[in-house]
Amino acid sequence: MAKNKVTRVVTLHIQAGEAGPANVGKDLGPLGINLMEFCKRYNALTADRRGHVVPAVVTVYEDRSFDVATKQPTTASLIRKAAGLNGGSPRPGHQHAGTVTAAQLREVAAIKLPDLNTTDLDQAVKIVAGTARSMGLTIVG
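The opening residue of the sequence shown carries number 1273 in the working numbering; numbering runs sequentially from there.
Keep in mind that the hints were calculated from the coordinates and are not lab data.
It is possible that some hints are incorrect.
[As the list claims (entries may be wrong)] Only pairs whose alpha carbons sit at most 25 angstroms apart, straight line, appear in this in silico PhoX-like list of lysine-lysine:
1) K1343 <-> K1312
2) K1298 <-> K1353
3) K1298 <-> K1312
4) K1353 <-> K1343
5) K1298 <-> K1277
6) K1277 <-> K1312
7) K1277 <-> K1353
8) K1343 <-> K1398
9) K1398 <-> K1353
Given the sequences, and given the hints that come with them, work out the whole structure.
Listed below in structure tokens is the structure:
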């Protein structure tokens, strides 16, 4: 049996367990895939990570079938949960949004390590710290 030809690969950032046709219709509708089937698969894959934004990589084939692969929650989502914040600063560098400890950053880096372009945890902490600073957070410790 021959493999189907890949038509498109799309990455979506959706709240975990909360995908619906209204959320993804404008991105996936033109591709002709079954939106309800996508939503069922995504929600089943991300049900245990509610409260985070989880990227989904959707590979669409020429016969309109598709595969869904999820990644780790976004770094900003993990930092917000670790720091207990609802969001970052509206003006990073000018307004302070909160603080985060080095231990919290290390914990987030350990979770994100498979999706980062490094295998060294210390370098991963630096990447996560850069995201925290761009959110307007102060790093202590």
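Going down the list of hints, with the structure as the test:
no. : hint            : in the structure
1   : K1343 <-> K1312 : 17 angstroms, holds
2   : K1298 <-> K1353 : 28 angstroms, violated
3   : K1298 <-> K1312 : 17 angstroms, holds
4   : K1353 <-> K1343 : 17 angstroms, holds
5   : K1298 <-> K1277 : 23 angstroms, holds
6   : K1277 <-> K1312 : 24 angstroms, holds
7   : K1277 <-> K1353 : 39 angstroms, violated
8   : K1343 <-> K1398 : 20 angstroms, holds
9   : K1398 <-> K1353 : 18 angstroms, holds
The structure shown violates the earlier hints numbered 2 and 7.
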